[in-house]
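For the protein sequence lines, the chains are A and B, in the order given. First residue of the first sequence? That's 1 in our numbering, and the numbers climb one at a time after it. First residue of the second sequence? That's 1 in our numbering, and the numbers climb one at a time after it.
The hints are simulated quantities; they were obtained by calculation from the structure and are not laboratory data. Keep in mind that a hint or two might mislead.
Any copy will do: because identical chains look the same in the list, a pair fits if it lies in one copy or spans two.
Taking lysine-lysine pairs in the DSSO-like style, the calculated list, with each CA pair at most 27 Å apart, reads [claimed, not checked]:
no., residue 1, residue 2
1, Lys-220, Lys-39
2, Lys-85, Lys-168
3, Lys-327, Lys-220
Protein chains: 2
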Amino acid sequence: MRKLGVQEIEDIALGAAFLGAGGGGDPYVGKLVALGAVKECGEVTLLSPDEVPDDALVVPVAMMGAPTVLAEKGIGGKEYQTLFKMVSQFFGKEIYAFMPIEAGGVNSMLPIAASARLGLPLVDADGMGRAFPELQMVTFTMGGMSASPMALTDEKGNSVIFETITNKWTEELARAVTMSCGGAVSVSLYPMTGAQLKEYAVRDIVTRSQRLGEAIRTVKNSTEQSPEEQFLEAAEGYRLFKGKIADVLRETRDGFNFGKVLLEGIGECRGKNACVEFQNENLAAYVEGEIVATTPDLICLVDTETFVPVTTDALKYGKRVLAVGLKCFEKWRSKEGIELVGPRYFGCDTDYIPLEERCKGGIYHV
Amino acid sequence: MRKLGVQEIEDIALGAAFLGAGGGGDPYVGKLVALGAVKECGEVTLLSPDEVPDDALVVPVAMMGAPTVLAEKGIGGKEYQTLFKMVSQFFGKEIYAFMPIEAGGVNSMLPIAASARLGLPLVDADGMGRAFPELQMVTFTMGGMSASPMALTDEKGNSVIFETITNKWTEELARAVTMSCGGAVSVSLYPMTGAQLKEYAVRDIVTRSQRLGEAIRTVKNSTEQSPEEQFLEAAEGYRLFKGKIADVLRETRDGFNFGKVLLEGIGECRGKNACVEFQNENLAAYVEGEIVATTPDLICLVDTETFVPVTTDALKYGKRVLAVGLKCFEKWRSKEGIELVGPRYFGCDTDYIPLEERCKGGIYHV
Numbered sequence: 001m002r003k004l005g006v007q008e009i010e011d012i013a014l015g016a017a018f019l020g021a022g023g024g025g026d027p028y029v030g031k032l033v034a035l036g037a038v039k040e041c042g043e044v045t046l047l048s049p050d051e052v053p054d055d056a057l058v059v060p061v062a063m064m065g066a067p068t069v070l071a072e073k074g075i076g077g078k079e080y081q082t083l084f085k086m087v088s089q090f091f092g093k094e095i096y097a098f099m100p101i102e103a104g105g106v107n108s109m110l111p112i113a114a115s116a117r118l119g120l121p122l123v124d125a126d127g128m129g130r131a132f133p134e135l136q137m138v139t140f141t142m143g144g145m146s147a148s149p150m151a152l153t154d155e156k157g158n159s160v161i162f163e164t165i166t167n168k169w170t171e172e173l174a175r176a177v178t179m180s181c182g183g184a185v186s187v188s189l190y191p192m193t194g195a196q197l198k199e200y201a202v203r204d205i206v207t208r209s210q211r212l213g214e215a216i217r218t219v220k221n222s223t224e225q226s227p228e229e230q231f232l233e234a235a236e237g238y239r240l241f242k243g244k245i246a247d248v249l250r251e252t253r254d255g256f257n258f259g260k261v262l263l264e265g266i267g268e269c270r271g272k273n274a275c276v277e278f279q280n281e282n283l284a285a286y287v288e289g290e291i292v293a294t295t296p297d298l299i300c301l302v303d304t305e306t307f308v309p310v311t312t313d314a315l316k317y318g319k320r321v322l323a324v325g326l327k328c329f330e331k332w333r334s335k336e337g338i339e340l341v342g343p344r345y346f347g348c349d350t351d352y353i354p355l356e357e358r359c360k361g362g363i364y365h366v
Numbered sequence: 001m002r003k004l005g006v007q008e009i010e011d012i013a014l015g016a017a018f019l020g021a022g023g024g025g026d027p028y029v030g031k032l033v034a035l036g037a038v039k040e041c042g043e044v045t046l047l048s049p050d051e052v053p054d055d056a057l058v059v060p061v062a063m064m065g066a067p068t069v070l071a072e073k074g075i076g077g078k079e080y081q082t083l084f085k086m087v088s089q090f091f092g093k094e095i096y097a098f099m100p101i102e103a104g105g106v107n108s109m110l111p112i113a114a115s116a117r118l119g120l121p122l123v124d125a126d127g128m129g130r131a132f133p134e135l136q137m138v139t140f141t142m143g144g145m146s147a148s149p150m151a152l153t154d155e156k157g158n159s160v161i162f163e164t165i166t167n168k169w170t171e172e173l174a175r176a177v178t179m180s181c182g183g184a185v186s187v188s189l190y191p192m193t194g195a196q197l198k199e200y201a202v203r204d205i206v207t208r209s210q211r212l213g214e215a216i217r218t219v220k221n222s223t224e225q226s227p228e229e230q231f232l233e234a235a236e237g238y239r240l241f242k243g244k245i246a247d248v249l250r251e252t253r254d255g256f257n258f259g260k261v262l263l264e265g266i267g268e269c270r271g272k273n274a275c276v277e278f279q280n281e282n283l284a285a286y287v288e289g290e291i292v293a294t295t296p297d298l299i300c301l302v303d304t305e306t307f308v309p310v311t312t313d314a315l316k317y318g319k320r321v322l323a324v325g326l327k328c329f330e331k332w333r334s335k336e337g338i339e340l341v342g343p344r345y346f347g348c349d350t351d352y353i354p355l356e357e358r359c360k361g362g363i364y365h366v
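Produce the entire structure from the sequences given, and follow the hints as far as they go.
Structure (structure tokens):
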């Protein structure tokens, strides 16, 4: 158990945006929401999963929608009270703690705001260890858990509860309502017991985000290691490519941001080209037409000087980025995991090959 | 209090399809659902609103979606149990009785099926006295009542509860989910107390449907009156036009059936032409380009020989129909009523003029 205050939130926002793998929303917007709540209502208590009673009701909260919309459409402030009331009424039992569903600039921050506003603890765990675009894409699905009852509320005060036969149906119906509500809403889903949390969640994700954020903040010039080497070592990252953004193709469709970003090599990558495809999150990275990384491994773009993560909605012509690969949570590499979030699910016609295999013998690893 | 059995249901289906004003679904499909439930579970008790306690929870049930889909997509059978459970759990109080929300071949029948399956009474009242395409178009809206909490369930077992800030938002969100669920779902909405029911509902609509159905069934040749005159007198209807269907233009869009039907005159209308525009229900009727009737008054097409109602999804080339106008429920003619369901709401650029004014001096009235 420890407390999360202003500095912790600054670091978590930065590190979580990196783990968001291009998605999860703008860390600046997310940070403002969390900082506002903590300044108004006090610091938040972070619990390790083992500190949560087995029969406690734990509820992930998040925003659902296209990150480009998240950055423009405000959060009303009453959403967490509404979600708390809806879910507690549904179960006839009060929520014990909130948790994030995914890592990301926004979705790591909102549960902190919810915890601050309701005076409830936050659990140091999530359901992805990164961000993914669809709501059935969580480790809980592999545990046979249901996304529903899922509660949804918008900033205007509309609220909806879904109980569905499969998690794909939750996604389908909640996505339709999200689009009708203007493309971004607050949700709670995968309500679970403390016992389920301990068995299926990705642990220590808040702490990991915080350490990554600290690392980005404190990277400095030194004689032994370049800043880039320091950063990659702290992140345990693979150097996939370094380049200047030559073009960004985007399409907002069915409530998602689809697109790809084209890179022209700089530094030791000079003369080469690369491309990263995304659906909210980065899905696959190609160098000279050859795949170097795919989901479920993480593909993260960061500024070449500051190492600040660049989300897919912040990509623009001329920006210089370092593409970094990170190994995903181990359970995503199981047969079930690959079916749920592997490259073929996203329409990328290749088998999943772990990042470290694909990068073997290349210039990639530090 | 009286019982509804097989013959009553046959007549109600026919009469309610007439009051559906082209919408409300296929009476054959609706009838099968109601008859199946009554044969399996026994007759249904029909209560007058005055027989319902003031504090009782009364819930309209209906299908939502495009009538063309209703005719093809089955009803699973468990929907009413699901709706009963969801709504009773939400209010912490059991539903006392069901009622229809609108008159129509399907939506007058499903509440009978729900009542039979749950062993609950049905109330002899609805919220329109006809059918309308959008869910805020009920007398309850004029009473300031809310459509939500609205419960929705599909035949697969998915279920959703909506609580919204306005009835337009209920329509918007429920319509989005309806489309995702395949275009037709079972819903309960405008849950109300017995006291609200007595104040705002359109009374005796089940009984009126039954009498109209009886009249259609028993029309016969006689020396004093033609069958058409008998029928129009029983229905208190205005004869708007008699013609052969020359063309039907249709479009299924945003979960509605839009279109218009073109008629060529026969009998005393020979040489003239007419047209009826619809959005699920018939909205406006034109003879030789001149408006003869608009919403909220009813425009009903019936077979020229049998007087069986022809719903908008059953319109086809060559069919001979009599277009009949009926005066709407008096409260629809108020300023509020016209704003909600008058011609301008549906994009028809004309003031509302009551049917009997428009038809004055014409060949129209019997």
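Evaluation of the provided hints:
1. Lys-220 <-> Lys-39: So Lys-220 and Lys-39 fail the 27 Å test inside a copy (30 Å) and across (81 Å) alike.
2. Lys-85 <-> Lys-168: both (25 Å within a copy, 24 Å between copies)
3. Lys-327 <-> Lys-220: within (25 Å within a copy, 82 Å between copies)
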